Structures are given as structure tokens and as C-alpha cells.
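S.K.: I would like the entire structure built from these sequences, with the hints used as guidance.
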Amino acid sequence: MGFLDTLLGRTKPVQPKLDDLFAVPTAAITLQAAMGLVPTGTGSVCFRAAEGRAFSDIEKDVRELLSMGKDAAPVEVTKDSYGFTWLVCRHAADDVEALVTDLHAVNSSLVDGGFGPQLLCTLVSFRDDSGKRLGLVYLYKRGTFYPFAPLENERRDSALELQVRGAVGADLKIEPDLSRWFPVWGAPGL
Amino acid sequence: MAKTRYAPDRGLTARMTLTLFLLGLVFVAFIIILVWLLSTFGVSSGAIVFFAILLGAGLTIGSFFYSDKIALSAAKAVEVTPQSSPEAAKLHGIVDRLCALADMPKPRLAMARSPMPNAFATGRNANKAVLCVTTSLMDGRLDDRELEGVLAHEMSHVAHKDVAVMTIASFLGIIAGLLVRFAFYGELFGGGGGGRGGGNNNNNGGGAIVLLITLAVGIVVYAVSFLLIRLLSRYRELAADRAGALLTGQPSALASALTKVSGDIARIPQKDLRQAEPLNAFFFAPALSGKTGASLANLFSTHPTLQKRLDQLSEISEQLAR
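Residue numbers (the working numbering), protein chains in the order written: chain A, 1 to 190; chain B, 191 to 512.
Don't read these hints as lab results, they were simulated from the structure. Remember, it's a predicted structure, so these values are computed and weren't measured experimentally. Treat the hints loosely; a few may be bogus.
[Said to hold, decoys possible] Below 27 Å or equal to it, Euclidean Cα-Cα: the simulated DSSO-like pairs (lysine-lysine) are:
| hint | chain 1 | residue 1 | chain 2 | residue 2 |
| --- | --- | --- | --- | --- |
| 1 | A | Lys17 | A | Lys79 |
| 2 | A | Lys79 | A | Lys132 |
| 3 | A | Lys17 | B | Lys296 |
| 4 | A | Lys132 | B | Lys280 |
| 5 | B | Lys450 | A | Lys173 |
| 6 | B | Lys450 | B | Lys266 |
[To be verified] Which chain B residues stay away from chain A? Per the calculated CB distances, all over 12 Å, these:
| hint | residue |
| --- | --- |
| 7 | Leu210 |
| 8 | Leu215 |
| 9 | Phe240 |
| 10 | Met294 |
| 11 | Leu436 |
| 12 | Leu500 |
Here a beta-carbon is modelled for each residue, glycine too, at the ideal position from N, C-alpha and C.
M.R.: Listed below in C-alpha cells is the structure:
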């Protein structure tokens, strides 16, 4: 924010960065090879719905768009306790590319409709043999990823998260500021 | 090309520019008159002006650097972590998401025990920011969406660096106020007060006139800058409402929070109101908004009227739905 904006009390809503999302399939391969974390085929997009007709129309369009096509997966829509909307897409576990394409379709619809600033994050979930869960969270506004590994009782498996950071650091832009690795408890599809 | 729904409010920008310009104008005029006074009548009252500026600068810099600590201790607020209480966990959760949405560093969070549902943000920059809510804001009077609206409003104050802007804007008023006080006492005690630092003896007619003029100029500058700062504060509130509503995409939730909070505050007994008054400039809704209709009160108010804020929010709501 520039000096003039500060003086005049102006902020521009932050536009999302979308392209880095396509790095996920590569990272998925690395995660599987290095740590035994396998994609579950589930991913979700989280956004803050704006009030009014315009947004609900776009939201409806997105859902219709995702449920079309021959191998269309059912799309679930849930609202979390913070009032954020999650669109959950399910694909075959080995088809991370299709999943990411679907997630990207949601992004671009919102951005084209002028609601890009409403996008919060995207989450692609992984799991290993012992039942450990991991979400790879993409922060739209920063254009960075961070790992999120929830345990019971709203605790995080920080060791696993840091291990993942080391493993996929070369494939993905990992959020360098640890204070921005905010938890998404109870994220659908995780 | 994606269209943008977030048009800046040019009217508000223009009005704020004008206010800042006038504030700067008063400041420059003030300095010119002081320099003229000093050069015409010699340095007899130089010490007074010098001390006023020195003390004023000290106070401003102090309140700038310790704004977070001063405000928190005035509100008797304690910093909270997500583990402190269920309310604190909820607060952290909401702020986490707002920070991710707005791409801002997370402020520290504090809670203050108070029967008035309210919130304020302080700290000289985004990294030092503290966001404080009162316990009664979290007691279920506001639903989650409204609470989020209030917090988004406060986060906008942080993003706009309102503490820094308002502190610097108040600098002029502080100096003018101190000068008036010094000149007044100087006059009272025959102009001897100013001699302590500079070693000048101004027990003569010229010194008295200078002090009188300084007094008059100080009063005028103080009054004008006071009104301008209040005006600026009201514009900053509107700007924060706007940015907060656009951040969550829910202007109506913020509007309903405003009506609830203002209504609740008007019913709170007097004693608490007076205690809370010094913090007003940073509060979400001012504690003394109970009286309606008086335009003079509006002129002195740190916050715009409820109606004005609601009007702006409904305009934003229309923009979003289009």
C-alpha cells in the first residue's frame, strides 16, 4: 500500500494468484515417493460468499459447471462455522490433475465474476498407511502453499508439517512466514 | 478481463484530501505566525515556543510508539491466545481467516472485561498491531457474521495505519494546546515562566503582548485543528467500514452489528461511559452516541452518525449485488 493510500485510508482488495496451483500434481508424486502420503482424490476450494444476487448466481454456475462432463464427480457444498463456503470435489485418487483442473475452474469463475478477492484457500488432502492426515493448503492471496496436519482435539502435527515442507520445498512455493500457516480445523474433505 | 466490483469512493477520498490539506494549511500558517512573532518581538518568548514544541513532539512520539500499551492498559485488556478460552479460540479463528483473506500479518489479540460491546485496534503499524474486543462483544449478542464484520472493520483500521495517521494529525493540536497553556501561565505570572530555559527576562510590555498574541493564535489553531481532526476521524471510520465490508463481502452484517452495538451502548449507565470516553477515537462505535439530532454534537464527534454509516453500507451492498 502506497503512502497516498495510507494518507487517504484506501485499500484495494487483494487479487488472488492462481497459476501456482498447477504445481500440485508434481508435489503429490514427491510426497508419495518421499513420505508415503497418498492423495485421497479429494480437494476443496474455500471462499467467503458475498451477499447479493450476483454472487449466488456465480456460485450456482460453478456447481453446474463442475457436475457436467462425462466423468463428473459430485460436488458438495458445505458452510463452516466461520461462515465460509467450501466446494468439495472428489476424483479418483490417482487423478490429481483432474482434481486441480476442477479446483481451478472454481477460481476462474469467481475471478471472472469480479469476486476474486473472496477466495480464501484451496485444500488438497493426503493420507498415509497409518492414517495420518495432511492437507496441502494453497493461500490465494499469497500465492503460497503450506502443509496442515490436524490431530485430535484441535492440535497440529507440526513435526509432520515441517517434514512435508522439506520434502516438497523444491516443487511448491512454501509460505516462508510460519505465522501465516493458519489452521483450517474441520475442513471438509480432509 | 475480469471486472472489478471494488470501486474506490472518490467522494470520500476528495473530502479526506481536503481535510488533510486544511490541516496542513493551518499547520503552516501556525508556524509562519510563530516565526513572525519571534522575529518581530525578539526571542523573549522563544523558550515558551521551544518547550511547547519539544514537549508536544515528545508526547506525540511517546503516544505513537506506546500506543498499543497505553490503549491496552487504559482499557484494562489482557492479551489472549487460542488456548485462553473458547471465546478467544473463536476470535483467533475469525481473525486468522480475515488475515488470510486480506493478506495481512496477524495482529495480537486482546480482550477487555466491559459491559459495553465494543472493539478497537491500536499499534503503530501492522506488525505491532493489537486488536482488542470487550467480553460483551463475544457474549452472543452479535452472531458470528456480525462479529466478523466488526473485526474486519478493525483490521481495516490496522491496514489504513489509522493510529499513525491520527497521531501525526493530532501533533498540531497538541502543540497549540500546550502553547496556549504555557502562554496563559506565562501571562499569569508576569511572563516570568518562559525565562527558565532561555535565561531571558521578558518582564516588559513587549513580552506581554507577544504572550497575548501567542495565546490568541494558539486558541484559534487549537480549535480549528480540533474540528479538522474530528472530521478526519469520521472519514477514517467511513473508510474502515467500507474496506471491512468489502473484505468480508457482507456489508449488511456489519450494518446490523452497528445497529446492535449502538443500541446497546445507548442503554449503558453513565459511569462506564465516562470511563470509556478517552478511548473513543479508537472504538468501533463511540460510547457517547446516545444523543441524536444535535448537529453541533456531530461536529465534535469522532465517529459518523449511525445513519451515515448505514447508508454507505447499503450502497456497497447494492454494488456487490449488481
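S.K.: Beyond 12 Å on every Cβ pair: is that true for leucine 500 of chain B relative to chain A?
M.R.: The claim holds: leucine 500 of chain B sits with its nearest Cβ about 15 Å from chain A, beyond 12 Å.
S.K.: Please settle this one: leucine 436 of chain B was flagged as non-interface, so is its CB more than 12 Å from every CB on chain A?
M.R.: The assertion about leucine 436 of chain B is violated, with a minimum of 6 Å to chain A.
S.K.: Please work out if lysine 17 of chain A and lysine 296 of chain B have their alpha carbons no farther apart than 27 Å.
M.R.: 20 Å, holds
S.K.: Would leucine 210 of chain B pass as off the interface with chain A, using Cβ distances and a cut of 12 Å?
M.R.: Answer for leucine 210 of chain B: violated, closest chain A Cβ roughly 6 Å.
S.K.: Could you grab the alpha-carbon distance between lysine 17 of chain A and lysine 79 of chain A and see if it respects the 27 Å cut-off?
M.R.: Distance ~23 Å between lysine 17 of chain A and lysine 79 of chain A Cα, so the pair holds.
S.K.: What's the verdict on lysine 132 of chain A and lysine 280 of chain B, does the C-alpha distance respect the 27 Å limit or exceed it?
M.R.: 26 Å, holds
S.K.: Please confirm whether leucine 215 of chain B is truly not at the interface, meaning its C-beta sits more than 12 Å away from all C-beta atoms of chain A.
M.R.: 15 Å, holds
S.K.: For phenylalanine 240 of chain B, is the shortest CB-to-CB distance to chain A above 12 Å, so the non-interface label stands?
M.R.: 29 Å, holds
S.K.: With the threshold set at 27 Å, check whether the alpha-carbon distance from lysine 450 of chain B to lysine 266 of chain B stays at or below it.
M.R.: Answer holds: lysine 450 of chain B to lysine 266 of chain B is near 24 Å, not above 27 Å.
S.K.: Between the alpha carbons of lysine 79 of chain A and lysine 132 of chain A, is the straight-line distance 27 Å or under?
M.R.: Holds - the C-alpha atoms of lysine 132 of chain A and lysine 79 of chain A are around 25 Å apart, at most 27 Å.
S.K.: Compare the distance between the alpha carbons of lysine 450 of chain B and lysine 173 of chain A with 27 Å, and conclude whether the hinted pair is satisfied.
M.R.: 44 Å, violated
S.K.: Hey, does methionine 294 of chain B actually stay past 12 Å from chain A on C-beta?
M.R.: 9 Å, violated
The structure fails hints 5, 7, 10 and 11 (numbered hints given earlier, in ascending order).
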